[in-house]
Amino acid sequence: MSNVMDRDVSVADEPGAPRLKGKGTPLRERFFQLSLWTSLAVGVVFLASLLVYVVVEAWPRLDSRIWTNFPDIIDPSNAGAQSAIMGTLWIIAFTAVYCLPTGILAAIYLEEYADPNRWWNRVIEINIQNLAAVPSIVYGILGLGIISRGLGFGQTVMSASLTLSLLVLPTVIIASREAIRAVPQSIRQASLALGATQWQTIWRQVLPAAVPGMATGSILALSRAIGEAAPLLLLGGLTFITFNPTGVESPFTALPIQIFGWISQSRAEFTALASAAIVVLLVILLAMNSVAIWLRNRYSRKW
Amino acid sequence: MNISTSLRRAKAPLALTAAVMLAASACGGADAGSGDGGGDKLAGNIKVDGSSTVAPLSTAAAQLFQAQNSGVKVTVGTSGTGGGFEKFCAGETDISDASRPIKDEEKAACEKKGIKYEEFTVANDGLSVVVSKDNDFVECLTVEQLKKIWEPGSKVNNWNQVDSKFPDQKLELFGAGTDSGTFDYFTDAINGEEGASRTDYSPSEDDNVTVQGVSGSKGGLGYFGLSYYEENQDKLKALKIDGGDGCVAPDTKTVQDGTYKPLSRPLFIYPKATSLDKAEVEAFVEYYVENNADIASKAQFVPLNAEQETELKKDLEALKAAHKS
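Residue numbers (the UniProt record's numbering), protein chains in the order written: chain W, 1 to 303; chain X, 1 to 325.
If you are wondering where the hints come from, they were derived from the structure by calculation, not from laboratory data.
C-beta: ideal position from N, C-alpha, C; glycine also.
Treat the hints with caution; some may be incorrect.
Unchecked claim - Here are the simulated SDA-like cross-link-like pairs (lysine to any residue), alpha carbons at most 20 angstroms apart as the crow flies:
(1) X/Lys103 - X/Glu92
(2) X/Lys113 - W/Leu151
(3) X/Lys235 - W/Leu151
(4) X/Lys235 - W/Phe270
Claimed, not checked - Sample of chain W residues with no beta-carbon within 12 angstroms of chain X, all distances over it, derived:
(5) Val42
(6) Gly237
(7) Pro251
(8) Ser264
(9) Phe270
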């Protein structure tokens, strides 16, 4: 909005119109714009060069072998990342199953029901914000100690999904709260005034309006989870596994772990293979983010 | 080297497990002995974890074994030697890969959980000390010189400080990251204490970074596993090492017979005794040991020497005998 207003002011620079701008050339403004463009360029150039580099490195191995074959230490030309790709998809699917309902319900409670004047609600709120900033390796230790060993799930898809759920839960809660808060208060008041209960108001008015925002935030949170290697390594993610997960009780590997394992191999073929796996990971990430953008554009409402 | 001692160390648990297995097989392990030949019936999961140095070897063994026994699912993790023993002694894995013999505190941890195990030497590993191809003034370094360069607090930053015969050339150091077994091993062999090293060098967990660093710097010096040198012979020069008996170049033969010292070491696997009671684990370990030379060469490791081979075969026979009876 402010951008548009600025432009209006400068366009209105004709004789007779009140001079809103100061005298002289807006050197500072130029300088400021230039520094903004430079910052933007740095980000874009870095990202672009990274993408180009990875694709070039991966080019000789960027074919169907990467998703049809399993890891092969003896013959790199026969190696693929199917178990890692399937592992990543399994883990992320179950992470979504565990963390989305929990996160969204927690957000509804905090936004719609919790009394912010009560000390325990404030404590919960501060905790969630702090948890979002905890390094992922800490969640790995937590997952190994409590989920894998304490609850006895072992080195399985289940442990990995639960750990990653904990990792992204704060982000899901915060994003969902933002989306719920963005629904105007007048909608709730109108609904209540027409005799709806609080639950009916939330279920029929607030939630449908907040879904695009919640979905966008949640998908971005899951995208973060997909790239995590550290907590999964601690949990016992494997570098060699020649079968896909068949359930939550299966042992697993994931793309970041597979990439890590291949990069540390001495043979150059494995480095190319690692780059190819990075490209696959990026494609999955971009696909998820595209869905997020599409959801936002398709369903978002203007009030 | 400590090969003979570490193998002797294996004897005590071996005898113990033999007794345990006798008892176990007495009560109905009828098919336990059929592990050698007809592999099709075998099924189950085998969890291997531990040293990332040994992992390629175990992975190659697992891959070849699975090609013959499609019902057995072998998984290999790389938690590191220490991390591997931590999981192993918690009873979470069947076989632990190790680039050094098990430590006393790890033994104690295993004992506390009642975990008994065996020890097999499965390959040899050598560390190569490398310089750039452009470096034409150094061919051989003594252990003392290496220590002078790498010991904690070392201020050596020019080749002429290492030896007055060397030219005035800035010394640039590259080495292993502190979490790796390579780092533990190098510091132990050269500086006499595990983990003791100067800190003002470029560390990397990724040996390929060290390859690039050293090959791009005339005064560069770095160290890593022998297989990395063999993959990058066009870019790097491996130095001969004088461990007291003259300069020895690192290659398969000198690593195997132990004359390349002190930078050559044996690698181990530690199978859990109760896992060996399972036919599929026993078959896998037997396969691993029997096809050892083939697996080592496929994974680009230095195979065992004749003496180690004999010891290994003897251990295997003892294991088989324990299961047959």
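To see whether the hints hold, each was checked on the structure:
1. X/Lys103 - X/Glu92: Holds - the C-alpha atoms of X/Glu92 and X/Lys103 are around 18 angstroms apart, at most 20 angstroms.
2. X/Lys113 - W/Leu151: 19 angstroms, holds
3. X/Lys235 - W/Leu151: With Cα atoms ~51 angstroms apart, X/Lys235 and W/Leu151 exceed 20 angstroms; violated.
4. X/Lys235 - W/Phe270: 18 angstroms, holds
5. Val42: Check passes; 24 angstroms lies beyond 12 angstroms.
6. Gly237: Not fine: 7 angstroms to the nearest Cβ puts W/Gly237 too close to chain X.
7. Pro251: 5 angstroms, violated
8. Ser264: Non-interface label on W/Ser264 violated, nearest chain X Cβ at 6 angstroms vs cutoff 12 angstroms.
9. Phe270: 10 angstroms, violated
When the structure is compared with the earlier hints, violations turn up for hints 3, 6, 7, 8 and 9 and for no others.
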